[in-house]
Amino acid sequence: MRAISALLCLLAALLLAPAGANAAAGDALTIPTAVVIQPAELAAMLKAPGAPPVLQVGFSVLYQQAHIPGAQYAGPGNKDEGLENLKSHVAALPHDKLLVIYCGCCPWEKCPNIAAAYNQLTAMGFSKVRVLYLASNFGADWVDKGYPVTRGG
Amino acid sequence: MRAGIAVLALVLALSPAMAAPLATMPVKLKVGDAAPQFSRTDLLGKNFDLKAQRGKIVLIDFWASWCAPCMIEIPHLSRLQNQYGGRGLQIVGIAMDDSEAVTRQTMAKTAFSYPVALGDAKFGNLYGGVLGLPLQMLVGRDGKILAIWSGEVTEAVLDKAITAALAKSGGDRRRHDP
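Protein chains in written order, with the numbering used here: chain A, 1 to 153; chain B, 1001 to 1178.
Hints listed in this document are in silico derivations from the structure and should not be mistaken for laboratory results.
Hints may be right or wrong, so weigh each one.
[What the hints assert, rightly or not] No farther apart than 16 Å at their CA atoms in a straight line, the calculated lysine to aspartate or glutamate pairs in the EDC-like style are these: (1) B:Lys1028 x A:Asp144; (2) B:Lys1144 x B:Asp1042; (3) B:Lys1056 x B:Glu1152; (4) B:Lys1030 x A:Asp96; (5) A:Lys128 x A:Asp96; (6) A:Lys145 x A:Glu41.
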């Protein structure tokens, strides 16, 4: 009986916990769709005056090959030191500042970085974080589509 | 005249076309292209030279420890190497981890039946930009790319492509080796 009660309590705790708390490092599917933006939308934002800061929260070896012009390296989101790197990049920004993060290391639902980075920023109080949706990866969904790219680290 | 040349040089230097940051990406490789030559020391200290593999079918697997689909594929690749190695297949893993230590930790926990060397941004550019994983390229006996897979690929698909490549031009090496 006691075991069943404990099991019910555990089940209730899991069901009632906020989605963000359950978000594993690789779970991009927990990111609210309202904050997800498409490549074409970001490309248009970058052309307009007052473009938001863009942060690459993936892996350095990918950033060094190519990244979105003006994007800073602030990863990787799957490591504690990467999240510290992210924190230091946004430390001076007001929390209501629009900012964009992206990774694109691997398919969206398998990405180990993006959800962790998004959760870190929202936990810090950033209210206007936008997350670039890259379905397959940065190469296929950004570079091959002809959006602007900067080479090198 | 000299002033005119100087002005022209200044205009060219400041023009968007000359701006360094938006430099063109390396040319993306496609099926039929020659696989770019590379020679690297693998993580066991042995040299792996692509040119020295000429006559074999080579599968280049770009992977990383952080890439979940890549890690799923490694046991498949190890099986394929064991199955077809004697018939002329050589798989090589190129680890795109940010540090050698991470790759070595992964290799200590994972069985690889083929050599693994470290990749980096320069290597990625050599292969047309490795801007997402997994990425695999099958190279024919003549050194030309037979197939490219970007994203997770099943063992059955790889098996089919490898057996077709082994059967083609040059056939089964066991029949030709003395």
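Results of checking the hints against the structure:
1. B:Lys1028 x A:Asp144: holds (9 Å)
2. B:Lys1144 x B:Asp1042: With Cα atoms ~22 Å apart, Lys1144 (chain B) and Asp1042 (chain B) exceed 16 Å; violated.
3. B:Lys1056 x B:Glu1152: Cα-Cα ~24 Å, so violated.
4. B:Lys1030 x A:Asp96: Between Lys1030 (chain B) and Asp96 (chain A) the Cα gap is close to 45 Å, so the pair fails against 16 Å, i.e. violated.
5. A:Lys128 x A:Asp96: Status holds; Cα separation ~6 Å.
6. A:Lys145 x A:Glu41: The given pair, whose Cα atoms are some 13 Å apart, holds under the 16 Å limit.
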